[in-house]
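Trainee: This is what each chain is made of:
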Amino acid sequence: MSGILLSIKDLYLNFRTFWGVSKVLNGVDFDIREGEVFGLVGETGCGKSVTAMSILRLLPSSADISGEVIFKGENLLLKSDEEMRKIRGKKISMVFQDPMTSLNPLFRIGEQMVDVITTHLSIEREEALGKARELLRSVKLPDPDRVLSSYPHELSGGMRQRIMIAMALSSNPSLLIADEPTTALDVTVQKSVLELMLELKEKYGFSILIITHDLGVVAQICDRVGVMYAGNIVEIAPVNLLFEKPLHPYTKGLLSVIPDPRTKRRLKPLRGSVPSLLNPPPGCRFHPRCDYVKAACSREKPSLLEIESGHFVACHLYGGNENACG
Amino acid sequence: MTFLKLLLRSKISAIGFWIIVSLVIIAVFAPLITPYPEQAKGAPNLEERLLPPSASHPFGTDHLGRDVLSRVIYGTRTSMIMGFSVVLLAVLIGLPLGLIAGYFGGKVDLVIMRITDIFLAFPPLLLALLIASTIGRGMINAILALAISWWPWYTRLVRGMAISVKERPYVEAAKSMGIGSIKIILRHILPNSVSPLIVQATMDIGSAILEAAALSFLGLGVQPPTPDWGLMISEGKDYFLNYPWYPVFPGLAILITVIAFNMLGDALRESLDPRLRRRLL
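Order-wise, the sequence lines are chains X and F.
For what it's worth, the numbering used here labels the leading residue of the first sequence as 11, then goes sequentially.
For what it's worth, the numbering used here labels the leading residue of the second sequence as 126, then goes sequentially.
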């Protein structure tokens, strides 16, 4: 087993809003190992993207954060802004959801890539252009010279997302965070972009944190998966185990709404909806929607326990948490 | 070249553009096209006082016998210099402050915006009058006075744009790649928020000329015998009933100039708006 690259421990995040304090992250814990693809899945608003932004510390000033984000043995939450800026893009890079708007419409691709490359490497413009050409080739864009002299609106979504990946990889980061990188793309383009990411991962040996709400994407590229619900990690498991043997009632619910064309089974949606984070339910935040709710669920927040090797779940139905119900 | 074609697409914008081009040419080559350059600069010619328009004096003469056409032509220089410098100076102060306030937000924003509030609390012309009467008369002081009462509008405009641009994904992406604040401001925020400023500034050159004329009219701007449209109207107003050509021609010059800058500003707005542009191309 390889070493741990990034470890998030007990991460709490509150946003001060006009309506009160929104408790967005409620003690998030997970590790990303070297060379693995870790998926973070959950519904819109469950805190996936905010978790990613916390790693890079790109949060608005209304955010209060506590806990630890340990990257290569150092707590990123204790770094100065300048130190943090040198980590962004150099050691941890990010690819965003919408490639159509992730590039500045007014400048050619070449200039934007050179900007990023020269931020982290002290090389001349000419050399940086050569490096950009090489990066574009590595993300399988044909005719790099034409791409470099194009404006963003002249390229397709898939091409732009490849450019974003190329830019993210320009200084060999150890961690690539991909926030719904394929949501805005066609299914076929989606597949080729995911395959490209896996291939580059093998080639350069970085880890990937992929954020998605698409379980198809998870099945296709992840090694391990964390399931998030309303600011909590409710289950972490290797990808096969999660699909074969989901433990948490929420994970079961998510898997039960994947349509299966081979059966005529009706989909069984989860009842209720995501709670307001301004005033979340006490105890387990999922308990108002859970079919197996017990007395303890509304009193105590279940902790994340390892039920079998590599399979963690935060639920009062399992492990030591059973005793907590009293 | 395509941009110019786009700009001159409609009749109105083409008219505005060509009027301004001719005004600039008139201003630059004033000494060559003026019939009476000496009179234009102020030399009196008392034998020919208050003559009506004729072949030798197409716009008539003023109360000191000077050719009104010559003085209107030389006045173009004064007006253009004042209009452009007021707006340029105001942009030079207002633009960086707006970018800083909008991008950094927080306390910096609060301080800059309260300062602009103080300036905006006074009507611009009143503030300019106050400043001009404090620092003294004259063309340079009038330019300073107008620019000082003008820049807060640009700060507000640019700040609003910067706030909206800094939320765009490409700025977030640039931050996530470790690009520094100054580079983000220069590369991403400034180019993407400057078009409304260009439009506003173009229209404002017309208004600045008008305000400069107002200052001169009130005696706090350009001083005689410098040829200036505002000053000519001010001197000519006493003769208006009997000798209307004296104040009317400089008045017409102001009117045409202001309208031309407004037409050009409108045309610029259309051609700088990428959504409109895409439809037109």
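It is possible that part of the hints are untrue.
Here are the simulated SDA-like cross-link-like pairs (lysine to any residue), alpha carbons at most 25 Å apart as the crow flies [said to hold, decoys possible]: (1) K101/X <-> I225/F; (2) K130/F <-> Y161/X; (3) K96/X <-> I225/F; (4) K130/F <-> P115/X; (5) K89/X <-> K308/F; (6) K141/X <-> G305/F; (7) K96/X <-> I307/F; (8) K89/X <-> V233/F; (9) K308/F <-> L158/X; (10) K96/X <-> R293/F; (11) K308/F <-> W29/X; (12) K232/F <-> L68/X; (13) K141/X <-> I307/F; (14) K232/F <-> K101/X; (15) K96/X <-> I309/F; (16) K141/X <-> K130/F; (17) K232/F <-> G30/X; (18) K89/X <-> L315/F; (19) K232/F <-> D91/X; (20) K101/X <-> R293/F; (21) K232/F <-> P290/X; (22) K141/X <-> L311/F; (23) K150/X <-> E92/X; (24) K211/X <-> E297/F; (25) K308/F <-> D224/X; (26) K308/F <-> S159/X; (27) K201/X <-> D224/X; (28) K308/F <-> E212/X; (29) K96/X <-> K201/X; (30) K232/F <-> P115/X; (31) K100/X <-> K130/F; (32) K232/F <-> G215/X; (33) K308/F <-> T111/X; (34) K89/X <-> G231/F; (35) K101/X <-> E297/F; (36) K232/F <-> Y161/X; (37) K100/X <-> I309/F; (38) K308/F <-> E121/X; (39) K96/X <-> L315/F.
Hints in this document: simulated from the structure, not taken from any laboratory.
Trainee: Decide, hint by hint, whether the structure agrees.
Mentor: Hint check results:
1. A C-alpha spacing of about 28 Å is found between K101/X and I225/F, which places the hinted pair above 25 Å, so the restraint is violated.
2. Note on K130/F and Y161/X: the hinted pairing holds, with a Cα-Cα distance of about 21 Å set against a maximum of 25 Å.
3. The hinted pair formed by K96/X and I225/F meets the criterion: a straight-line CA distance of about 22 Å does not exceed 25 Å.
4. With a CA separation close to 22 Å, the supplied pair K130/F and P115/X stays within the 25 Å bound.
5. Restraint check: the Cα-Cα separation between K89/X and K308/F comes to about 22 Å, which is no more than 25 Å; the hinted pair holds.
6. Among the hinted pairs, K141/X with G305/F is consistent with the structure: their alpha-carbon atoms are about 21 Å apart, no more than 25 Å.
7. Between the alpha carbons of K96/X and I307/F the distance comes to roughly 15 Å, so the proposed pair stays at or under 25 Å and holds.
8. Taking the CA atoms of K89/X and V233/F, the gap is about 23 Å. The hint holds against a cut of 25 Å.
9. As the CA atoms of K308/F and L158/X are separated by approximately 20 Å, the hinted pair is consistent with the 25 Å bound.
10. For the hint pairing K96/X with R293/F, the CA-to-CA distance comes to about 22 Å; that is within 25 Å, so the pair holds.
11. A C-alpha spacing of about 35 Å is found between K308/F and W29/X, which places the hinted pair above 25 Å, so the restraint is violated.
12. Proposed proximity of K232/F and L68/X is supported: the alpha carbons are some 19 Å apart, at most 25 Å.
13. In summary, the hint linking K141/X to I307/F is supported, as the alpha carbons are separated by about 24 Å, within the 25 Å threshold.
14. Distance hint between K232/F and K101/X is unfulfilled; the C-alpha atoms sit about 31 Å from each other, more than 25 Å.
15. A threshold of 25 Å between alpha carbons decides the hint, and for K96/X with I309/F the separation of about 15 Å falls inside it, so the pair holds.
16. Between K141/X and K130/F, the direct Cα distance comes to roughly 38 Å. Violation of the 25 Å bound is thereby established for this hinted pair.
17. A distance of roughly 22 Å separates the Cα atoms of K232/F and G30/X; the hinted pair therefore holds under the 25 Å criterion.
18. Only pairs whose Cα atoms come within 25 Å are accepted, and K89/X paired with L315/F is rejected, the gap being roughly 29 Å.
19. For a cut-off of 25 Å, the pair hint linking K232/F to D91/X stands: about 17 Å separates their Cα positions.
20. With a C-alpha separation of about 23 Å, the suggested pairing of K101/X with R293/F holds against the 25 Å cut-off.
21. A C-alpha spacing of about 32 Å is found between K232/F and P290/X, which places the hinted pair above 25 Å, so the restraint is violated.
22. Under the criterion of a C-alpha separation no larger than 25 Å, the hint pairing K141/X with L311/F is consistent with the structure, at around 24 Å.
23. The hinted pair formed by K150/X and E92/X fails the criterion: a straight-line CA distance of about 34 Å is larger than 25 Å.
24. A threshold of 25 Å between alpha carbons decides the hint, and for K211/X with E297/F the separation of about 24 Å falls inside it, so the pair holds.
25. Among the hinted pairs, K308/F with D224/X is inconsistent with the structure: their alpha-carbon atoms are about 36 Å apart, more than 25 Å.
26. At most 25 Å may separate the alpha-carbon atoms for a hinted pair to count; K308/F and S159/X meet this at roughly 21 Å.
27. A C-alpha spacing of about 12 Å is found between K201/X and D224/X, which places the hinted pair at or below 25 Å, so the restraint holds.
28. This hinted pair does not check out: K308/F and E212/X have alpha carbons roughly 33 Å apart, beyond 25 Å.
29. Pair hint K96/X plus K201/X does not hold up; C-alpha atoms about 32 Å apart against a cutoff of 25 Å.
30. As the CA atoms of K232/F and P115/X are separated by approximately 30 Å, the hinted pair breaks the 25 Å bound.
31. Restraint check for K100/X and K130/F: the C-alpha separation of about 44 Å exceeds 25 Å, so the hint is violated.
32. A threshold of 25 Å between alpha carbons decides the hint, and for K232/F with G215/X the separation of about 43 Å lies outside it, so the pair is violated.
33. Proposed proximity of K308/F and T111/X is supported: the alpha carbons are some 19 Å apart, at most 25 Å.
34. Between the alpha carbons of K89/X and G231/F the distance comes to roughly 21 Å, so the proposed pair stays at or under 25 Å and holds.
35. Pair hint K101/X plus E297/F holds up; C-alpha atoms about 17 Å apart against a cutoff of 25 Å.
36. Proximity of K232/F to Y161/X is assessed by CA-CA distance (about 36 Å); at most 25 Å being required, the pair is judged violated.
37. Between K100/X and I309/F the CA atoms are separated by roughly 17 Å; this keeps the pair inside 25 Å, and the hint holds.
38. Among the hinted pairs, K308/F with E121/X is consistent with the structure: their alpha-carbon atoms are about 13 Å apart, no more than 25 Å.
39. With a C-alpha separation of about 23 Å, the suggested pairing of K96/X with L315/F holds against the 25 Å cut-off.
Hints 1, 11, 14, 16, 18, 21, 23, 25, 28, 29, 30, 31, 32, 36, counting from the list given before, are not met by this structure.
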